[in-house]
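**Q** Spelled out from the first residue to the last, the chains are:
2 protein chains.
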Amino acid sequence: MNPVNVGLLGLGTVGGGTFNVLNRNADEITRRAGRGIRISHAAARDFDPARLPGIDAISVSDDAFAIIEEPDVDIIVELIGGYEPARELVLRAIANGKHVVTANKALIAKHGNEIFAAAQARGVMVAFEAAVAGGICIINGTGNFILTEMRDKGRDFADVLAEAQALGYAEVDPTFDIEGIDAAHKLTILASIAFGIPLQFDKVYTEGISNITREDVEYAEEFGYRIKHLGYTRRSASGIEMRVHPTLIPERRLIANVDGVMNAVLVQADAVGPTLYYGAGAGSEPTASAVVADIIDVARTLTADPGNRVPHLAFQPDSISDIPILTMADVETAYYLRMQVTDKPGVMADIARILGDGGISIEAIVQKEPAEGAEFATIIMLCHKVQEGSMNQAIAQIEALDFIPGKVTRIRMETLKAD
Amino acid sequence: MNPVNVGLLGLGTVGGGTFNVLNRNADEITRRAGRGIRISHAAARDFDPARLPGIDAISVSDDAFAIIEEPDVDIIVELIGGYEPARELVLRAIANGKHVVTANKALIAKHGNEIFAAAQARGVMVAFEAAVAGGICIINGTGNFILTEMRDKGRDFADVLAEAQALGYAEVDPTFDIEGIDAAHKLTILASIAFGIPLQFDKVYTEGISNITREDVEYAEEFGYRIKHLGYTRRSASGIEMRVHPTLIPERRLIANVDGVMNAVLVQADAVGPTLYYGAGAGSEPTASAVVADIIDVARTLTADPGNRVPHLAFQPDSISDIPILTMADVETAYYLRMQVTDKPGVMADIARILGDGGISIEAIVQKEPAEGAEFATIIMLCHKVQEGSMNQAIAQIEALDFIPGKVTRIRMETLKAD
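Respectively, the protein sequence lines represent chains E and X. Following the working numbering, the numbering of the first sequence begins with 165 at its first residue and continues without gaps. Following the working numbering, the numbering of the second sequence begins with 165 at its first residue and continues without gaps.
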């Protein structure tokens with residue numbers, strides 16, 4: 165199919181951004197839309213070519229009214245703003261049979277009724293709002309309920325789980341929920357939609373929350389973190405990560421404040437930055453609501469040509485690509501470690517040496533003295549980002565030390581800041 | 165057009181919910197989809213008719229495989245769950261040329277590739293996720309930045325505004341932002357999409373944040389509230405509210421934790437309950453991202469029949485209804501009041517009597533003694549929900565008292581809980 169030609173009115177803040185986002189993601193957009201989209205014409209009184217790489221390849225005029233008369237232009241993108249001449253430009257573009265996209269909320273709020281009536285009569289589209297995609301993390305509702313109760317009320321895992329089962333939040337066999345299988349299903353689907361990859365549920369790493377203790381929740385809090393049962397997928401130069409596990413998140417992040425059985429999805433995307441979507445993750449009517457909305461969408465496009473529908477995974481089927489999925493050994497994260505130690509001199513030095521030799525740097529370290537009558541002290545530490553393979557080696561060496569009586573508890577940490 | 169016939173597989177938690185949500189909102193759905201949608205067949209081994217009013221009007225079988233052979237059924241809704249027989253039912257429905265809707269994330273995560281390939285080959289849709297609509301509030305990004313700074317750093321309004329202008333968050337003429345005009349534009353559009361009403365920007369009540377003092381921010385905090393510059397629209401039996409003003413919100417609400425220049429939209433909907441959408445509200449690339457997504461959507465459906473596209477305001481044009489917009493005098497909210505008083509006996513009693521006579525009940529009241537050398541004490545009170553007309557009368561009477569030297573500061577409060 166021929167590419168779609170876009171006439172861009174305005175090359176200011178948003179117009180320039182639109183030009184750059186379209187150019188930078190041209191291949192990705194073709195994979196989703198099923199055809200190329202190119203800016204063939206632009207209108208601007210004044211603009212800075214240095215901010216717009218590739219602008220010299222297209223025709224830039226200072227006359228917006230000339231562009232809406234161009235027969236080759238399929239879509240007019242109005243980014244001039246304000247009421248006039250935006251209104252007149254949009255109405256004339258519609259009269260010329262062109263589809264219109266605008267970011268001008270003032271124009272739509274004030275003149276939308278007139279504009280939509282004209283578009284309806286002429287059979288063209290006017291689009292003025294939209295969604296996003298990118299790098300994603302999701303919260304597991306059942307795990308979140310348990311961890312929230314452990315934090316708010318200082319309760320133990322087994323105790324809260326029993327209540328969650330009684331309340332119907334967790335199944336009688338709670339494996340699906342607390343081992344993160346349900347979150348892994350959702351993550352599989354979101355990763356495919358975000359990155360245009362096949363569904364690969366069996367490649368998601370999943371780890372449950374049953375080893376998280378009340379003490380871990382409290383220590384995390386002391387360091388300014390909350391523990392959430394998080395699904396995480398990210399695309400990097402070497403491949404795609406897909407993993408579900410308990411995760412420390414800084415308490416100032418909005419997603420760290422999603423409590424109880426509520427679900428949330430945090431998307432980190434190229435142009436829009438972070439966005440968050442929050443709502444009930446289960447239950448009869450919330451799920452039914454999504455089902456009904458899907459039925460409405462299907463009913464709307466029942467007689468449409470299949471090529472006009474949004475593809476199943478948001479990418480055209482022949483554009484799904486097989487980007488490698490990283491194993492956990494290759495994934496890089498920060499870590500929270502907790503271990504019991506015999507309380508004697510030199511302990512901290514030995515642990516620090518093992519971490520240092522493994523290229524692991526320590527962000528914070530706290531030693532809690534043995535409780536009255538107890539034999540062991542507790543060390544809690546936060547470590548900076550490192551490959552999990554290196555961390556696993558270091559932990560094996562630490563566990564082999566003779567003053568370490570048990571296992572090292574290891575919880576991954578994510579800052580969830582834009583990289 | 166004939167109604168679309170839906171075959172529902174499963175009448176359990178989600179299946180029953182889908183049946184009830186579709187029935188309860190039948191008229192509203194026809195307004196949006198452009199044609200009726202009815203459940204013509206259902207399959208269930210076991211169900212409780214008392215939970216499903218209207219179920220006796222349709223054919224319920226215990227054989228799901230029989231329903232996917234019904235020639236009249238256009239859409240199969242698979243709500244049985246699990247991998248099998250869900251997979252086989254869905255594949256056979258597709259082979260029969262039926263569109264499929266499912267809430268089964270496990271099925272899609274594990275067998276989605278196979279199912280989508282079959283649907284693609286047969287030219288039918290498979291839908292498995294969706295969005296919502298309902299009662300909405302939005303946060304004004306610039307106002308939010310100013311109020312966040314006032315709270316975090318104890319700064320004054322004018323001081324923070326000057327910085328916001330220097331940073332480019334607020335325009336040199338900041339009226340649009342701080343008076344809430346920008347939020348009112350967005351609210352106008354969201355209200356039309358939510359309720360199927362014409363765009364009526366001139367009927368939005370707008371009030372800015374320039375009268376909010378550092379003290380109001382602190383007192384709100386003492387009571388467990390945050391002040392946000394909120395746009396609010398709600399449909400009640402008597403009409404629709406559309407208003408933008410500073411608002412006290414309980415600090416435990418997720419939207420109370422949206423800080424800085426970020427925007428958020430909170431939607432309170434019939435079936436799904438509360439959902440929240442969060443992201444950057446302005447800036448070059450975030451806005452460009454929405455523009456580009458719209459261009460992609462338009463490009464996708466360029467050759468589609470106009471009747472197959474989502475209508476401009478999500479409702480079919482001939483289904484837009486002219487529901488009355490309430491004036492502020494008719495709106496009911498709770499209130500925060502702050503006033504200076506001459507510090508003498510009987511003051512509190514006179515104020516309480518005026519409020520009581522107006523049918524206004526007091527939730528909390530605090531008197532702050534005059535600062536060293538100052539003449540007046542400060543009274544802060546929280547009042548329960550009342551019609552704004554009654555509150556205005558009471559405030560006029562309080563301001564007429566001779567021991568009240570100035571104006572009463574009045575800030576509206578919303579609990580943002582489901583009613």
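What the hints contain is simulated information worked out from the structure, not anything from laboratory work. Some hints could be false.
Here are a few chain E residues that face chain X, going by a calculated C-beta distance under 10 Å [stated by the list, open to error]:
| id | residue |
| --- | --- |
| 1 | Phe-229 |
| 2 | Leu-271 |
| 3 | Asn-277 |
| 4 | Phe-280 |
| 5 | Leu-331 |
| 6 | Lys-350 |
| 7 | Leu-363 |
| 8 | Tyr-369 |
| 9 | Ser-400 |
| 10 | Ile-404 |
| 11 | Leu-418 |
| 12 | Val-422 |
| 13 | Ala-444 |
| 14 | Ile-526 |
Here a beta-carbon is modelled for each residue, glycine too, at the ideal position from N, C-alpha and C.
**Q** Interface hint check: Ala-444 of chain E, Cβ to nearest Cβ on chain X, cutoff 10 Å. Holds or violated?
**A** Check passed: Cβ of Ala-444 of chain E comes within 5 Å of chain X, closer than 10 Å.
**Q** With a cut-off of 10 Å, does the beta carbon of Tyr-369 of chain E approach a beta carbon of chain X closely enough for the hint to hold?
**A** Because about 14 Å separates Tyr-369 of chain E from the closest Cβ in chain X, which is outside the 10 Å limit, the hint is violated.
**Q** Grab the minimum C-beta distance from Ile-404 of chain E to chain X and call the hint holds if it beats 10 Å, violated otherwise.
**A** violated, 15 Å
**Q** Does Asn-277 of chain E pass the interface check with chain X, least Cβ-Cβ distance below 10 Å?
**A** At 5 Å from the nearest chain X Cβ, Asn-277 of chain E passes the 10 Å test, so the hint holds.
**Q** Interface hint check: Ser-400 of chain E, Cβ to nearest Cβ on chain X, cutoff 10 Å. Holds or violated?
**A** It is violated, given that the least Cβ distance between Ser-400 of chain E and chain X is near 21 Å, above 10 Å.
**Q** Restraint: Phe-280 of chain E near chain X, CB-CB cut 10 Å. Satisfied or not?
**A** holds, 4 Å
**Q** Can the hint on Ile-526 of chain E be confirmed by a CB-to-CB distance to chain X that is less than 10 Å?
**A** violated, 30 Å
**Q** With chain X as the partner, please determine if Phe-229 of chain E meets the hint condition of a C-beta pair closer than 10 Å.
**A** violated, 21 Å
**Q** Does the closest beta carbon of chain X sit nearer than 10 Å to the beta carbon of Leu-363 of chain E?
**A** holds, 4 Å
**Q** Min Cβ distance, Val-422 of chain E to chain X: is it shorter than 10 Å?
**A** Result: holds, 7 Å to nearest chain X Cβ.
**Q** Checking hints one by one. Is Lys-350 of chain E an interface residue toward chain X, by the C-beta closer than 10 Å rule?
**A** holds, 6 Å
**Q** Per the CB criterion, is Leu-331 of chain E less than 10 Å away from chain X?
**A** violated, 14 Å
In summary, the structure is inconsistent with hints 1, 5, 8, 9, 10, 14 from the numbered list given earlier, while agreeing with the others.
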